[in-house]
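Going down the list, the protein sequences come from chains D and W. Residues in the first sequence are numbered consecutively from 1, following this note's numbering. Residues in the second sequence are numbered consecutively from 1, following this note's numbering.
Derived from the structure by calculation, the hints contain no laboratory data. C-beta atoms are modelled at their ideal positions from N, C-alpha and C, and glycine is treated no differently. Do not take every clue at face value.
[What the hints assert, rightly or not] Footprint (simulated), chain W over chain D, 3 or more residues, beta carbon under 8 angstroms: (1) 3-13; (2) 88-101; (3) 107-119.
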Amino acid sequence: MIWVAWRQQRLQFLVSALLIAAVGAVMVFYRFDAVSFMEDRGIAGCLRIGSDPCTSSAMAALSSEYKTYVSFLPMVLLCLPVLLGMFAGAPLFAREFEQGTHVFGLTQSVGRRRWWATKLLVGGGPVAVLMLFLGVIGVWALKPLNHVTRGPLLTPGFETQGLVLGAYTVLAFAIGVAAGMLFRNTLAAMAITLGLYLVVLLALGGGLRPHYFSPERTTGTVAQSTGESERGGKSWIPDDAWRVGSAYYDDEGRKVSFNPSGCDGTESIQSCLTKQGVRQQAAEYYPATRFWAFQTAESTAFLTVAAALLALSAWSLRRRVL
Amino acid sequence: MSTTDGVAALAAEGLGKRYKRGWALQNCTFELPRGRVSALVGPNGAGKSTLMALATGLLTPTAGAIRVLGDSPVSSGTHPRLAFLAQDKPLYRGFTVEEMLRAGSALNQEWDHTYARGLVESAGVPFHARISTLSGGQRTRVALAMALGRRPELIVLDEPLADLDPLAREEVMQALMAEVAETGMTVLLSSHVLADLEGICDHLLLLAGGRVRLAGDVEDLLAGHRLMIGPSQGAESRFPDEIVVESRSTQRQATVLVRGHAPAVMPGWEAHEPTLEELAMAHLRSARPAAGQGATAEVAAA
Numbered sequence: 001m002i003w004v005a006w007r008q009q010r011l012q013f014l015v016s017a018l019l020i021a022a023v024g025a026v027m028v029f030y031r032f033d034a035v036s037f038m039e040d041r042g043i044a045g046c047l048r049i050g051s052d053p054c055t056s057s058a059m060a061a062l063s064s065e066y067k068t069y070v071s072f073l074p075m076v077l078l079c080l081p082v083l084l085g086m087f088a089g090a091p092l093f094a095r096e097f098e099q100g101t102h103v104f105g106l107t108q109s110v111g112r113r114r115w116w117a118t119k120l121l122v123g124g125g126p127v128a129v130l131m132l133f134l135g136v137i138g139v140w141a142l143k144p145l146n147h148v149t150r151g152p153l154l155t156p157g158f159e160t161q162g163l164v165l166g167a168y169t170v171l172a173f174a175i176g177v178a179a180g181m182l183f184r185n186t187l188a189a190m191a192i193t194l195g196l197y198l199v200v201l202l203a204l205g206g207g208l209r210p211h212y213f214s215p216e217r218t219t220g221t222v223a224q225s226t227g228e229s230e231r232g233g234k235s236w237i238p239d240d241a242w243r244v245g246s247a248y249y250d251d252e253g254r255k256v257s258f259n260p261s262g263c264d265g266t267e268s269i270q271s272c273l274t275k276q277g278v279r280q281q282a283a284e285y286y287p288a289t290r291f292w293a294f295q296t297a298e299s300t301a302f303l304t305v306a307a308a309l310l311a312l313s314a315w316s317l318r319r320r321v322l
Numbered sequence: 001m002s003t004t005d006g007v008a009a010l011a012a013e014g015l016g017k018r019y020k021r022g023w024a025l026q027n028c029t030f031e032l033p034r035g036r037v038s039a040l041v042g043p044n045g046a047g048k049s050t051l052m053a054l055a056t057g058l059l060t061p062t063a064g065a066i067r068v069l070g071d072s073p074v075s076s077g078t079h080p081r082l083a084f085l086a087q088d089k090p091l092y093r094g095f096t097v098e099e100m101l102r103a104g105s106a107l108n109q110e111w112d113h114t115y116a117r118g119l120v121e122s123a124g125v126p127f128h129a130r131i132s133t134l135s136g137g138q139r140t141r142v143a144l145a146m147a148l149g150r151r152p153e154l155i156v157l158d159e160p161l162a163d164l165d166p167l168a169r170e171e172v173m174q175a176l177m178a179e180v181a182e183t184g185m186t187v188l189l190s191s192h193v194l195a196d197l198e199g200i201c202d203h204l205l206l207l208a209g210g211r212v213r214l215a216g217d218v219e220d221l222l223a224g225h226r227l228m229i230g231p232s233q234g235a236e237s238r239f240p241d242e243i244v245v246e247s248r249s250t251q252r253q254a255t256v257l258v259r260g261h262a263p264a265v266m267p268g269w270e271a272h273e274p275t276l277e278e279l280a281m282a283h284l285r286s287a288r289p290a291a292g293q294g295a296t297a298e299v300a301a302a
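Chain D extracted, bound-state conformation:
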């Protein structure tokens, strides 16, 4: 059964593997390129703006050198899982139903469950492992560009490295499999994969991710929170942290609202805050060190949804094959 499943998926797997390898090669190349660029400028090892030599002007030079790459890479990496789901997951069962070959496969001496599980593992396993590997390479490859990606927690830096790439791929694949099993039409399954994947990515990534853990909170005066120039360009909170909330307080510590559009553009943010009666500011943020905790939480969430979808496809197969 394993040989049959492999033979059926061989082409898709080879194309996927080539695609993943190409993206991986580009990332590795840019890692070496960035490291040598930083050595040339004497800023080797600088992850964020800090004390000399990691000055804001040196880091700005790094940003301008690599911002094209850093803005282009996420487009590729965000598309890759859903493309793999559409081309490896959606046809896995849908095409069998379309061509009637499930009747052949299920009238041999192989049970339904084994047929399902083998096709699933052979069709999705290797691709998911490769994507996981790509994500781990990404952590290493994007490290020197930490400042350019604004840290590993912010979108799109977070989605393009680490464990989540594997989890995203598993989810996209599971959506394709379940849609293919339920609708028995490759094209419909591919369309559903694209749509549903985006919905889950936005719902979990956009809606749920800030709430996986409770953020750290810091409070300071307006001067403390805005005086970047006095700190050599260093932000009030680490500039690779993920800021998830702000609050403003007046003289008596009462919460007030701040309307950024009330600033006229010529004044500093500090004077604008003061003008609107803000004396103190609080920020909620996650430091970049929470990266792996977030990666694990997000991967777990995606894998849970994927498991539910695969269970749905197993139920559908058990209930009806013709």
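Position chain W against the provided structure of chain D, taking the given hints into account.
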């Protein structure tokens, strides 16, 4: 798996299958003895494919039970001694013939590779050809080899001859019957074309409207019916209703199929043993819903 020789190759008892739109098969009881070549005959939608899918375990019965060589179909694969050839001969299109045979050996514990290869070879199908490039006849031969490679005791074929040209029909049937003669396996074969089955089948299973209308040994069935041909005037009152299967008449001549032996000598009437096709067609026509019967009555009255 039981291989006790006394057990019927295929047996159904009160078998029924209901889909959302209604019963496809209802209250079917029959036995297909071993070593027979049985024709499964019926109009479209009679439940032939449903019956076959129930035997393979692809469908589960809504009511009653079906037994393959004494065992109930389970979801862990089709009975190892049953081979099924579906109507559209599903094979993996991207595979070569060689790879298809390898798939057969990978998907079955019991698989006679030499035998299956030999069947493909004698069909003259090149091993390196892709399935998608084969002609209809070649494809059927490969699919047949895939089914026979399992070394079945019971082979179930759903319209194996549909969409083949007359020459390919003959070749496929010859190839199948040669193996049947060799191995003594039981065959259940459905076809629209009754002429294809004449002289090949020794057992008949006639389905209409989801029910078994006729089941048994072909010789017994033929001997148990008489085709009466005589003048159409007064034909309808000649025979008692309970023995008439179907009667048709033209201006001059009436043709009546009756059960049992020909009634005592009737002047102007001739009695024949019906052919398989005449027998099957008469039963199928008589099983048609009221509209058909109405038409028959009108013709008879004219």
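The hints, checked one at a time:
Taking a C-beta to C-beta cut-off of 8 angstroms, the segment 3-13 of chain D contributes 5 residues in contact with chain W, enough for the three needed, and the coverage statement holds. Judged by the Cβ-Cβ criterion of 8 angstroms, the segment 88-101 of chain D is covered by chain W as claimed, because 3 of its residues qualify and three suffice. With 8 residues having a Cβ less than 8 angstroms from any Cβ of chain W, the segment 107-119 of chain D passes the three-residue criterion, so the hint holds.
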